[in-house]
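For reference, the chains in residue letters:
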Amino acid sequence: MAKRVLMKGNEAIAEAAIRSGCRHYFGYPITPQTEIAAYMAKKMPKIGGVFLQAESEIASINMVYGASAAGLRVMTSSSSPGISLKTEGLSYIAGSDVPALVVNVQRGGPGLGGIQPSQSDYFQATKGGGHGDYKMIVLAPASVQEMASLTMLGFELADKYLVTSMLLADGTIGQMMEPISFEDAEPKTYDKPWALTGTEGKRTHNIVNSLYLKPDELEKKNFERFEKYRLIEENEVRYEEYMTDDCELCVVAFGIAARVAKNAVKAAREAGMKVGLLRPITLWPFPKKPLAEIAGHAKAFLSVELSMGQMIEDVRLATGCSRPVYLCNRTGGMIPSPEEVLAAIKAAVKGE
Amino acid sequence: MEHKRLTVFAGHYGSGKTNLAVNYALHLAGEGKRVVIADLDIVNPYFRTKDSERELREAGVTVISPRFASSNVDLPALPPETYRLISDRSVYGIIDLGGDDRGAYALGRFADAIREENDFRMALVWSCYRPMTETTLDTLGIISEIEAAAHLPFTDIVNNSNLGIESTARSFLASLPLAEELSRETGLPIWFHAAEAEVARELRGIEVLPMMLQRKPF
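Chains as they are written, first to last, in the working numbering: chain A, 1 to 352; chain B, 1 to 218.
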């Protein structure tokens, strides 16, 4: 077994990024993700990398855009209000088909909200956020180990499909410490013949751009991009199932909510109730197919979220509204207790 | 275990300073002493002394926390009551600092008064399982950064090497040669070792402070 170390979720992201070959980090501090920047500030100078604290979130996302256009493996990180500031850049990056890793360690909103954990940026992450027709691969870690492994996966998928991978974590997983290990595997990289690396007079120049003067060309580009998104939906769905084979009620939860929900599902099983858990690891592409299959035998679903109920809409769509979908939620920085989730499970089983 | 009037727990981010400060406070209170613990962590937004406030108060320990600790505001202001811990020499004072030099700056304000009284211990909380303090060389760098920020020198080492919920007697024992090396290189004595209570029970012939860990529902 690889060596075990004790790390904070935010540190695990930073270390995993470095091990993925990321040598360029641009960011602006905000609680509860500042440890990512702090770790990069300490480590990058020692390994010949770049850590740059920009003058704002808007500047940092555009630095990511530029560095990625130059073919570099690059990332930024922030928390909810900071991600709102970055969304214009996210749209430009999508419109230019360059890869990036963007981390959102969510806190309570809307507005300045608060610094405690939240999952209320689900819509922003999965439905766009910025303007125009675009998608990001959205990865939802539920442990410090996954903070590391999904960071590595995020870089790979971004380079493979030339999209932004967003790691959608929350303050609790960012701040909590758990033992983890890093595999010594070489990071997977992709050739970037489109990158702006200088022609040296030997080739025609590359262009990275999101402006299209002719509407028919822009339409064609959008059709092509959505063909790429279709491939991602076909090949990159990831999720974890727990006791769903015979479940009559299926709990759906991601990230920290899934950890609480799993404890509640175990308690429900001990009490003789047929309850299972589906934990989406990719929020986009959403695990529609397994949910549709579970709807074949489950009588109802329960979405557990740290928001006013956002993922619940995707659960309804995935199941074609064929079964009732109930909501168990806390917001504003609050986390439901396993007892609260268990009470919601009991109510949902009774159809309340 | 010998006690000084004031004990400061400082060290690398995530080395377990808060857990140690809380457990040490309970240990002192268990010996019948009047104890005041001050949370001077200006770095960490979650998981702080305040989370253990109920247990501490039940044990008779006075808790001083920043006004906005564990709230929705990230306002790293020091609690004015901290002066009580410095000026009231009839109590045993424990200071829980934030991590690294960034956290240690909070102590600078009180360093002159602490030096003048000269009845203090500044303990380096250290874990060999934290990636930035795995080697003695790295730890030496962090030590000098913290001392410069805190305006106080370390006097002791507390070996808090642990792997969280995966901690075992074996993982603890593996830290001993590294702790001894750190002690040799720094010239600082190992004041004590700390381990989670169940792990501590398995360790014989070695003085270990058994630690209660905060339980999380996830």
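No wet-lab data here; the hints were simulated from the structure.
If you're wondering where the values come from, they're calculated on a predicted model, not measured in any experiment.
Hints are not guaranteed to be accurate.
With a straight-line cut-off of 16 angstroms between C-alpha atoms, the simulated EDC-like cross-links for lysine to aspartate or glutamate are [said to hold, decoys possible]:
| no. | chain 1 | residue 1 | chain 2 | residue 2 |
| --- | --- | --- | --- | --- |
| 1 | B | Lys-33 | B | Glu-116 |
| 2 | B | Lys-216 | A | Glu-178 |
| 3 | A | Lys-43 | B | Glu-134 |
ask   = Does Glu-116 (chain B) lie within 16 angstroms of Lys-33 (chain B) when you go C-alpha to C-alpha?
value = 23 angstroms, violated
key: Pair hint Lys-43 (chain A) and Glu-134 (chain B), alpha-carbon separation not exceeding 16 angstroms   = 14 angstroms, holds
ask   = If you draw a straight line from the CA of Lys-216 (chain B) to the CA of Glu-178 (chain A), is it 16 angstroms or shorter?
value = Holds, at about 12 angstroms.
The structure shown violates just one earlier hint, number 1.
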